[in-house]
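J.: Residue strings, one per chain:
Number of protein chains: 2
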Amino acid sequence: MAKVRHSRFDCAPGCSVEAAIGLIDGKWKSIIMWHLLSGTLRFNEIRRHASNCTPRMLARQLREMEEDGLIIRKVYAEVPPRVEYSLSDLGRTMEPILRALKDWGDANIGLSGKPKGHDPREADPLRNI
Amino acid sequence: MAKVRHSRFDCAPGCSVEAAIGLIDGKWKSIIMWHLLSGTLRFNEIRRHASNCTPRMLARQLREMEEDGLIIRKVYAEVPPRVEYSLSDLGRTMEPILRALKDWGDANIGLSGKPKGHDPREADPLRNI
DNA sequence: CATATCAGTATCCTTTTTGATACTATATGA
DNA sequence: TCATATAGTATCAAAAAGGATACTGATATG
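Sequences listed follow chains A and B, in order. Anchor point for the first sequence: position 121 equals 121 in UniProt numbering, and the numbering is continuous, going up by one each time. Anchor point for the second sequence: position 114 equals 114 in UniProt numbering, and the numbering is continuous, going up by one each time.
Quick caveat, the hints were computed from the structure, so don't treat them as lab data. Be aware that a few hints might be false.
Since copy identity is lost for identical chains, a pair holds within one copy or between any two.
To be verified - Think about it this way: if two alpha-carbon atoms lie no more than 20 Å apart in a straight line, the pair counts; the simulated DMTMM-like pairs of lysine to aspartate or glutamate are:
no.	residue 1	residue 2
1	Lys27	Asp106
2	Lys27	Glu64
3	Lys74	Glu64
These figures come from a predicted structure and were not determined experimentally.
Could you put together the complete structure from these sequences and hints?
T.: What follows is the structure, encoded as structure tokens:
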């Protein structure tokens with residue numbers, strides 16, 4: 001998405017939709033949230049779930065989600081360091097969204113990564129008359 | 001989001017989540033979908049719903065959604081031109097997602113544009129020991 | 001005749017996001 | 001002793017997304 005994260009909402013009623021999605025649109029956020037639904041995870045545990053997410057990216061996304069109050073970051077004063085991430089109460093309220101996304105994806109995304117079902121252009125070349 | 005739109009899914013099981021959100025993460029897509037739930041709309045009608053979306057951006061997002069099979073674009077050979085956008089069957093299957101987003105937003109976003117509920121850092125400055 | 005409407009495009013530019021790579025300090029285990 | 005694990009950060013570069021503005025061509029309206 002862009003620049004201004006969930007800014008002003010003078011465009012009701014679609015805006016609450018935009019606001020909600022604005023919180024989870026980072027490239028890894030929805031995945032992170034999804035896995036945190038199952039319980040607390042440490043930094044590198046999350047990283048393993050989101051392979052090919054660089055530590056830099058993961059850190060950024062986690063910080064943003066923390067700022068948005070979606071997750072909780074708990075630092076233990078140990079060596080080597082231990083940091084645990086978990087969903088906040090607010091974050092947990094997003095479960096219906098995450099589940100809806102998951103259900104839709106499971107039902108509609110083939111292994112191709114493209115939605116199932118034909119592209120209308122291929123099926124009906126006259127559509128565009 | 002980024003570069004590769006719903007690419008490969010070697011990271012199950014979070015990937016269907018990512019795939020689903022990848023289809024609606026454009027700055028205006030979820031809003032467009034939301035309004036199309038109520039019925040067919042013309043280009044400039046959508047534009048009015050998404051004030052301060054430039055025609056360039058609106059056109060781009062609509063094209064992408066069309067390519068993804070979420071919406072249908074119907075062109076009438078009239079002058080001045082008339083083009084109608086509507087949800088495809090596939091697009092309509094996203095209603096649960098959109099509704100979940102809307103419900104969450106209505107329940108949790110104040111007029112500030114920030115999620116309701118306190119930032120943990122303000123409430124508990126010792127959290128980060 | 002001048003203007004507005006329609007559905008966009010074209011061009012240029014800025015901002016935001018993401019990626020690659022290397023690096024930190026300390027402790028444990030081989 | 002050397003590597004490994006931890007949770008990141010620093011720096012640089014690339015790419016993607018978004019924005020501003022101006023323009024189209026024919027027709028209807030004032």
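J.: Evaluate each hint against the coordinates.
T.: How the hints compare with the structure:
In the homo-oligomer, the alpha carbons of Lys27 and Asp106 lie at most 20 Å apart inside one protomer (19 Å), although the nearest pairing across protomers, at 24 Å, exceeds that limit. Within a single copy, Lys27 and Glu64 get their C-alpha atoms as close as 12 Å, and across copies as close as 18 Å, so both meet the 20 Å cut-off. Only within a single protomer do Lys74 and Glu64 lie at most 20 Å apart by alpha-carbon distance; the minimum there is 15 Å, versus 40 Å between protomers.
Violated hints: none; the structure is consistent with every hint.
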